[in-house]
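**Student:** In order, the protein sequences belong to chains P and L. Here the first sequence stands for residues 1 to 319, where the numbers follow my numbering. Here the second sequence stands for residues 1 to 165, where the numbers follow my numbering.
For the record, the hints were derived by calculation from the structure and aren't laboratory data. C-beta: ideal position from N, C-alpha, C; glycine also. Possibly wrong hints are sitting among the right ones.
Stated by the list, open to error - For the chain L half of the interface with chain P, some residues (derived, Cβ under 8 angstroms), not all of them:
1. Glu25
2. Leu28
3. Ile35
4. Asp130
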Amino acid sequence: MNTKRFALMLLILPVVTVLCGFSFFKQNTVLVDTSNNHVYEQTSADDILSEFEKDSDAAKDKYKGGYYIISGKIEHISQKGDTIEIVGSSHKDDHIICSCPKNLRTEALAYNEGDGIAVFGKITVDLIDREIHLEADKLSSVPLVNKTGVFYLLDGTNIDKNSMSRRTLNNGTVSYYIPSTWKEVEHSIIGEELGTIEGYQYVLNKLPGNTDTVPESFFVCYFDNDSKLANRDEKEETERIEKAIIKNISDEGDKIKDVTTYYGVKYNYYKSIYKGNRLEYIFQKNGSDGLVMYLYVYTDEKHLSDVLFVTRFLEIVSK
Amino acid sequence: MKKKHSVLLLIIIAAFMLIGFAKKEVRLLDDNKLIILDKAIDLAKPGGMSGNSQGEPQGNIANGKEESGGGNNIEYGNPDNITGKIVIRIRGKKISYTFGDIKNDDISDTQLESRIRSDYNAGVQVILMDDFAEAHAYKAVREILNKLKNNVGLTYKEEQYTGGE
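So that you can see chain P by itself, here it is in the shape it has in the complex (with noise of 0.2 angstroms):
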């Protein structure tokens, strides 16, 4: 009788558990995921063969596990449509594998060999034949422009990379890539009394020829611990440090997730509302020197794609 009472009571621990603060019932999708929303770099098919001939090793250290949309020319498609082979047009004697998930099967099986294509996918390379595939996300017989630096989303927004203004923060050691017509839109927080941390403003509503009225803001700032906390000493303690940001700007804010992307950055996530408008904030750790800020402030996200690509392209360079 007493083990059952005992075993019972020991049952409440979990709502215990909830009362102190872990939650484990929290929706945790959030709209700036990079990690699931790929972005895919534009390539050929005779690109990535020809690096690979010169210095296979370094090919792949360069492309394994990374996403893009490799165009070329269709050499074979199996009966079922699992697989499909492209070459380049001046590599014809090796091709890289696309393997097709049962939703583009169909599809595949709608080209012909000798067409042009273009797939969407991730590139793995075969250990043991060193043959290189690319898993299909989508496939597409839209002729891409023959350019290097063009990043694709899977629903087909592109963005030229080349044509994005390049800011610096925390004395140029985080570099970001905003689209040229952001330039528009861009508010520097301390210059323009927004508040005091370092970074800027970009009124997405506000972009030219945009005619939205809902308020629509992207933030790209940069947290420093040492100027920025009390306690020096608390500076590995970047969880709490980024609770008492949220506390700062907008009093409240619930952790969603932290996320570790394929490219290899971390992203912790937090959602609030303030007023009626949906806080989306996402922290980037750089050290124990501080924190990149990104926070999207939207009631309609219409320019999330270039969010997207913004967040994705942001490069820390270290000390």
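Place chain L on chain P using the hints.
**Tutor:** Leaving out everything else, chain L in the frame of chain P:
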């Protein structure tokens, strides 16, 4: 045994509560707002403060935009009979000024305005070049050029620097 179980359970519960509540909050150096959200949201509303310089020709930017393979080129006016060229290139925060054979690699805003006033005349083309400019530096120079546009009728063109790093 019953008493022991109860005590053990109470200790476990207390431990969980301590873990949950005992973490001190990290304090920021001061209470100043990192971002004044109300102000930022107001900026995005119709009629919200532009935040840009006085007299910046927003309407012209929307109408005059042309894209030519590398950022926005915004052309103000159409000078005929070009007799010279002033090139103002901004890299980071640094402003370099070139007029003919004369080049100054690092000038201040104040120096820039007085140089333009002394070099510019109706036949001189002025080009503002963005070479990975810091936003506030670029804006400050645009403010000067727009002020001179109103004062002396200066016209200028904006370009993205494509000459490599």
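**Student:** Compare the structure with each hint and give your call.
**Tutor:** Verification of the supplied hints:
1. Glu25: Check passed: Cβ of Glu25 (chain L) comes within 6 angstroms of chain P, closer than 8 angstroms.
2. Leu28: 6 angstroms, holds
3. Ile35: 4 angstroms, holds
4. Asp130: Where the cut-off is 8 angstroms and the nearest Cβ of chain P is about 6 angstroms from Asp130 (chain L), the hint holds.
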